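Once you've looked at the hints, dock chain B against the given chain A.
Here's the letter readout for the chains.
2 protein chains.
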Amino acid sequence: MFISTQELEAMAKLTRVQLATSLPGPKPICLIGTRSTAGITNLAPFSSITHLGSNPILLGMVTRPDTVDRHTLKNILVTRGWSLNHVTEEILEKAHQCSARYPTGISEFDETGLTEAYHPNFGAPFVKESPLHVGLTLEEIIDIPSNNTKLIVGRAKFINLPDHTLSEDGSIDLPKLGTVASTALDTYFSINEICRLPYAKPTSSP
Amino acid sequence: MFISTQELEAMAKLTRVQLATSLPGPKPICLIGTRSTAGITNLAPFSSITHLGSNPILLGMVTRPDTVDRHTLKNILVTRGWSLNHVTEEILEKAHQCSARYPTGISEFDETGLTEAYHPNFGAPFVKESPLHVGLTLEEIIDIPSNNTKLIVGRAKFINLPDHTLSEDGSIDLPKLGTVASTALDTYFSINEICRLPYAKPTSSP
Chain A
1 MFISTQELEA MAKLTRVQLA TSLPGPKPIC LIGTRSTAGI TNLAPFSSIT
51 HLGSNPILLG MVTRPDTVDR HTLKNILVTR GWSLNHVTEE ILEKAHQCSA
101 RYPTGISEFD ETGLTEAYHP NFGAPFVKES PLHVGLTLEE IIDIPSNNTK
151 LIVGRAKFIN LPDHTLSEDG SIDLPKLGTV ASTALDTYFS INEICRLPYA
201 KPTSSP
Chain B
1 MFISTQELEA MAKLTRVQLA TSLPGPKPIC LIGTRSTAGI TNLAPFSSIT
51 HLGSNPILLG MVTRPDTVDR HTLKNILVTR GWSLNHVTEE ILEKAHQCSA
101 RYPTGISEFD ETGLTEAYHP NFGAPFVKES PLHVGLTLEE IIDIPSNNTK
151 LIVGRAKFIN LPDHTLSEDG SIDLPKLGTV ASTALDTYFS INEICRLPYA
201 KPTSSP
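Going line by line, the protein sequences match chains A and B. Taking this note's numbering, the leading residue of the first sequence gets 1, the next gets one more, and so forth. Taking this note's numbering, the leading residue of the second sequence gets 1, the next gets one more, and so forth.
Just so you know, these hints were derived from the structure itself, not from any lab. Remember, it's a predicted structure, so these values are computed and weren't measured experimentally. Be a bit skeptical, because a hint or two may be false.
[Said to hold, decoys possible] Derived DEER-like restraints, expressed as beta-carbon distance ranges:
#: 1; chain 1: B; residue 1: H164; chain 2: A; residue 2: I194; range: 22 to 32 Å
#: 2; chain 1: B; residue 1: D163; chain 2: A; residue 2: G113; range: 35 to 45 Å
#: 3; chain 1: A; residue 1: D169; chain 2: B; residue 2: E93; range: 31 to 41 Å
#: 4; chain 1: A; residue 1: P103; chain 2: B; residue 2: P175; range: 28 to 38 Å
#: 5; chain 1: B; residue 1: G39; chain 2: A; residue 2: H164; range: 46 to 56 Å
Cβ atoms here follow ideal geometry from the backbone N, Cα and C, with glycine treated the same way.
Next comes chain A alone, as it looks inside the complex:
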């Protein structure tokens, strides 16, 4: 079926949100952990995590001023650090629950029963139940004028993961880690490796 510009514009708001958030296909889903100046910890699910560079390792994530992510942005602006935690099937429901609009004084750790964990010399809280932790510090925040969103750019300072999930070539074995994927606002997937393909080079003849 063909959906025209006019049909997209005429859609009910939530229908269009579900469609728009499905368009990239399978997406990451990570819990972002921060801490306010008052010491209140915060956890928010993000599906807009993107690799931006490798030297140094930079990751981006998109935030809107009008969603629960606002606590994350507010905390990052002050503390300049955050944690990235992979989500597995075991903690999926608790991770999803972190998208609820809790008031500022409430910690999603307390509300969901996820456990705070810490790494040396780093203030942001990690999720103990998550198998992969990345500690990031703020590199820059970039305005996206089109729709008043912001790209938060962070630099990976350290990574913690189970030994047997890091391959010799540097890639992470996500199925072994148990990391799930997401799409739309509410749908989660397990993943199965199809293949790894060799570095692509132009062939000499078509």
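For chain B alone, coordinates are given in the frame of chain A:
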């Protein structure tokens, strides 16, 4: 295992690239189709596709000046339109082959055997073998000073997909569509739905 800042910096370049591109977890993988002013079509795989907004529907993707994506950026700057095509297991090897550094005058369609398809009043080529097509026009290009990358922001003008893959609530049934996920530079996954979870609300008591 804990990987420190010093250990990250001391890694071999390709090892760190594989690690960095694994950190978000499962990622999208889409073929982006463009056309040059000389009429040469181009296809490039992108794994940095991100939902930015729903009214209008805005999608972002990150490009580097020094990769094969450069043809995509160059074409978009001139033609201001591109196609987004989901990748299925059937066309995965051909999609991956599009990451090879072909010269400017060569079309990845010709080299891989993927078939050009078109939608009315839209110049960019689509991949006939792909089950989901989105036609996008340029909204803005945003510099990411941290590492000289750019965020290309596009507005979805139309969508084409099989009838039975669009749910009543607007979400797309990705497993039915056959869309694959990716991670690192070279690894691809099939997906299986674990669950859909209801809209999360704060609970009255912890």
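Inset, instruction - Against the structure, test the hints numbered earlier, and report the numbers of the ones violated in rising order. - result: 3
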